[in-house]
Structure formats: C-alpha cells, structure tokens
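Number of protein chains: 2
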Amino acid sequence: MDKILLGHGSGGKLMHRLIAETIAPAFGISELGDSAVLDGAELAGGRIAFTTDSYVVSPIFFPGGDIGDLAVNGTVNDLSMVGGIPLWLTAGLIVEEGFPAESLARVLASMKAAAQKAGVRIVAGDTKVVDRGKGDGIFINTAGVGVIPQEILLGARQVRAGDRILISGQIGNHGVAVMAERNGLTFEPPLMSDCAPLNGIVAELLAAVPGSVRIMRDPTRGGLATTLKEIALETGFCFSLAEDSIPVPDAVRGACDLLGLDPLYVANEGIFIALIAEAAAEQALGVLRGHPLGRHAAIIGEVKAPDERSRGMVLLRTVIGGTRIVDMLAGEQLPRIC
Amino acid sequence: MDKILLGHGSGGKLMHRLIAETIAPAFGISELGDSAVLDGAELAGGRIAFTTDSYVVSPIFFPGGDIGDLAVNGTVNDLSMVGGIPLWLTAGLIVEEGFPAESLARVLASMKAAAQKAGVRIVAGDTKVVDRGKGDGIFINTAGVGVIPQEILLGARQVRAGDRILISGQIGNHGVAVMAERNGLTFEPPLMSDCAPLNGIVAELLAAVPGSVRIMRDPTRGGLATTLKEIALETGFCFSLAEDSIPVPDAVRGACDLLGLDPLYVANEGIFIALIAEAAAEQALGVLRGHPLGRHAAIIGEVKAPDERSRGMVLLRTVIGGTRIVDMLAGEQLPRIC
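Residue numbers (this note's numbering), protein chains in the order written: chain A, 1264 to 1601; chain Z, 1264 to 1601.
In case anyone wonders, no lab produced these hints; they're calculated from the structure.
Hints are not guaranteed to be accurate.
Which copy is meant is left open, because identical chains are indistinguishable; a pair holds if it fits in one copy or across any two.
Straight-line alpha carbon distances no greater than 27 angstroms define the calculated DSSO-like cross-link-like pairs of lysine-lysine that follow [as the list claims (entries may be wrong)]:
# : residue 1 : residue 2
1 : K1266     : K1276
2 : K1276     : K1567
3 : K1266     : K1397
4 : K1380     : K1397
5 : K1380     : K1567
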C-alpha cells in the first residue's frame, strides 16, 4: 500500500488490513469492536470531563508538530483546562483518497508518541475515506474523557475582583509557524509551534496553589485576545492587561509584521491562561516558571470590578501609554490553523 | 447568514455567533468551555463504553434520514452493542465553506431530534470550516460515552457451539436507500434507510434473557456478511447460515439487482446481530419481534464447533441447496455509505 484507496473506508478486507496492520498497532488497540470497554473505577469519585475537537490544519506538517500530535495535545489540553486528568482518547480519521500511506504512518506515529508523552490511552478509532477532491489529505477528530478530582472547583463563577491573569508562556508561536509553512517562509532560527500537552504543568499548578486557581483556558483559535474576551464576557468582570507584560517572542513579532497579523489573535497550542487569586499569584507564577513549558510565564493583568460601561471588557494598556479595547477576532485572521 | 464562511471556523466573532445562535441551542448546550463537565455518579458501579465514528455519507440527505441522525444513532448503536447504556455524545462538525446555512440548521435539528429519541445528551461540540473544494458539504464526528451494568458480560469469549445467530430486522435498507438517492433512482414504495437508535430494543433483549446474549454487533459498513465474518474470526467458531432465513425486503433485492450489489454486503443502520444461547433463542426472537424495530427479526443460523478447515468460516446454505463461503467485502462496494 502506498496510497489510501476509497476501498480502505468501505468496511471490507482492505479496511480490516489497514486497521490491523497500520492503525491498531499505532494506537496499541488490540481488539476490534464497536466501543472500547473501560474500567469505571478510574473515574470513581470524580466528575467527568468530556470533550471533542476536529483538526483540519493546513499544511498537516509544520515546524514543531503535525496534525497528529496537535489532535492529541489539543484534546488533552481541553480536558486539562477544566481541571480534568486526561485518561482516554478516541481518534476519528477522515482520509482523502490518494493520501500517501507514508504520511498516514507518520501522523499515526506522531499521535502515538503524543499520547505516550501525555500519559493518555487512545482506546477507540474510526477511519473513513472520501473521494479525491472531497477532503484535504487528512482530518482528525479526537474526543477525550478525563476525571476531575472532587476538590477542584473551577469556572467563571469562581472569579473575583483582584484576581491576577497569568499566561503560562509566549504567545503566537503555533499560528505563525503554520502560516510561515503555508506561505513557504523560513525564519532563522526557525519558528516552531508550541504544540504540547498541558496536563503536567496544570497538575503542578493545581497542587501548588489549591483553591486559588479560578478558571483556566487555552488560547487556541482566536488567540489570547479572543479567549480573554470570552472569559470576560462569561464572568462579567473587566480585565485590565499591560501590553508590555505579554510575552511575545521577537521572531513572532517580526513574522506577524511580515504577514500582517496581530500576535494577540494568533493561535497557540501549548500555553494556557489562568486566573489566580491575588494572594497566590506570585507563588503560581513561580510554579509555572519552574516547569519546562512555563519558563516564560507572566502575570499579564488583573481582574477589575466593572462599572456599567466596562462589564465584560478587556482593556489593554499599551506600551505607548494608551488604552486599547480588545475585542474578539472579527472574521478570519488565520483559517485552518488547527 | 445564508452560507457558511471560512471565518465561521476561525475562533472569532463569526464563530461565536454561529455557536451561540445555531449550534448551542440545537444541542441544548448553554455554557461555552473547553470540555463538558459531567456528573460521575451516572457512571457509578459500571464499566465505561467509549466510542467514536465519523460520518461522510453522500448525499447527506437520503430517504429515511440524513447525516445528522445517522451520526447520533450510529454512536448510540456502537455503545449499545457492547451492552452500554448511552449517556453522552460529543459532536464535531467539519463544514465546507459555502455550505448552506439552511442545510446546517436541518442537520442540527435532525441531530437534536435523534438525541432526544435515543435519550442521550449532546454535551460538547466543535466546528471547523475548510475552504471550498477541500471538504464536501459537511462531515460529522460523534463520540459517545455509556455505562455498562456490572452484570452484562458480552464478547467473543462468551460464544459457544450451539448458539443461535439472530438478526433484529431486514437487511440492506440503508445502503440501498443512499445508493438510490445518489444515483437519482426512485422506487415505489420508496426505499427508506433503517437508521434508528438500537438502545431501546437492546435493553429489552438484555433484560429478557439475562446471561444468554453472547455478543452483539451492528452490520454497518461491509454489511451482514462482513460483520459475521469478523465475529467468526474473533471467536474461531464456524457460523452456518440458512440463506432463506435472512430477511431481505423485495425492494432491496430488486434494487440490488439493478445496482449490481449483494444485499449481504450492503450497510445497515438500524439492525443488529445477536448471538444467543440455544435455550434462550426462541424467547429472544419473541422479544425482538415484539419491539417496533424488531418486527422482522429472525434466527438466521447457528454456531458450529469448527474442524481444522472451518475455523472462523461463515458458510451459507443457499436456497438452491449449495454452500457458499461468505468472506469479507473485498475493496469497495459502497463508498461513503455512512
């Protein structure tokens, strides 16, 4: 097999061989069947986190990652953001007829490695094939289940005036790396996606400042600006940010100038925003900075009690001393970034 | 909005409006967020069933269903086949730029109605948009979680020589309905997909003959023949079928002749195969026939102790008295049937 054929999706021999020889070994799934059957004891005593995301990133290979580890890390991170310990993932592949078998193998290997790194199991999968010209190489859906320990209480209702807004790392790397690859641009040193599993750093944070983490969110599509605006709207508070505290790598800033992008709206895949009680913010910052994924963590702003006009607003004090109202991304800045 | 734009997938305002006004109300999801947070108590005391499937059926609307209820029922059924009581579903949409908003609304309404009928909740969703020509209208992934009661013990290892092979209804309806629609054929009376949720009829069966159901499987892609061959290979037994006992509607038989298809390999979306202990088979048949989805249920064969040569074989005694070896579908009989 050097290319995927329509028959690989038809349920018959070709599909069985593809699953038995290529997909099941990659995921370490031994038994065929309609559903994975899992031990409920792993979920005992907690609430359940359940999420899904489809990945349609173009191109599928980019500096620092590919659609495979992106799909695994993205769902691991969505579970982590609600305080869930990620346990199990499913993987649904939609492959275009003619997709190179070698690329499929590479993507599957990348999913397997990402799952191992994050400590999650891919427990069930599905493969569909669409005719040439009706897809784009490969799309991947992952769904994930995690368990949220009883003592974890996160959400918009936990947010208080005075809370500090932390970011775990530099912004813009993923989106710029994908756009550069798409446009055939290279940078020296190369811009790399930040694609990474956040469950480890999140677990350390939650353990270090118990009860002080209010809400977490990973600023993927729409970037830091859109994600903060979402949280502001959900909580009804006003968020005040200091532009000079937001960690933007020089290379991202340069590439954004070149590509006509605003780093605040560029997608990230390996950082998260955490709102932390004021008293614990410095300690939390130290914990983040002590983790390999959090070396560039920063306190970028704080939660303000809003007045009539500023409810749900995100205000950015700019480097030159002005105040900019930060809104959601309007329309499309970066299509198919994840 | 009358068409989906690329910007509807970019994470910004357009996407938020689409989710807030169209998708969240359809699924009854009120809160945005990275993951659904669910009450683990619903899973207490059982094993967990977890599954995924992507749906790429073409055309997306067909007699008897559409890609929306297909995506919900398909995952409900995969959970049911392992004895799981389906609880929660996620929905991942991959929409092609230019897809009519009206079609999206119709598909979402169909998903909502199917979820209500099956008694499951769609708890999380995701929407991606791909550029025109890089998708095909809409693809839908669903993942599902269910709980398997402690007393349910199903699987290839439960199968015994002498077990009877039951089918819950007529074969071929779904595949033929989709192929007819794709080819612009109409039949009088119209051929309808059998797309339906099987959790109700399965629950009745499991309750009526406790301990006697060995394994269940729904014969979707690849049809009855491929699915039986899968089970035969997993169990190592030989399955003996009587062709004249397999319920094939006249309309399906006629359409298959016309389209050059073999009904044994045509996909189904509302029936299942159950291997039942010999002593309980007649009672099980009665239970199935008493359910609206099981009126045409039949005992179609039995499990034989194999010799050297017949391990994992499926043998069909034909109407004219011969014996046909039934194998898996080779290559593609029906691409994009689900």
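A quick look at each hint next to the structure:
Taking the closest pair of Cα atoms, K1266 and K1276 come within 27 angstroms of each other only inside a single copy of the chain (16 angstroms); across copies the shortest separation is 39 angstroms, beyond that limit. When the C-alpha separation of K1276 and K1567 is checked against a cutoff of 27 angstroms, the pair qualifies only between copies, where the shortest distance is 24 angstroms, while the shortest distance within a copy is 62 angstroms. Taking the closest pair of Cα atoms, K1266 and K1397 come within 27 angstroms of each other both inside a single copy (16 angstroms) and across two copies (18 angstroms). Taking the closest pair of Cα atoms, K1380 and K1397 never come within 27 angstroms of each other, the shortest separation being 33 angstroms inside a single copy and 32 angstroms across copies.
Proximity of K1380 and K1567 under a CA criterion of 27 angstroms is satisfied in neither setting, with 38 angstroms inside one chain copy and 46 angstroms between copies.
Hints 4, 5, counting from the list given before, are not met by this structure.
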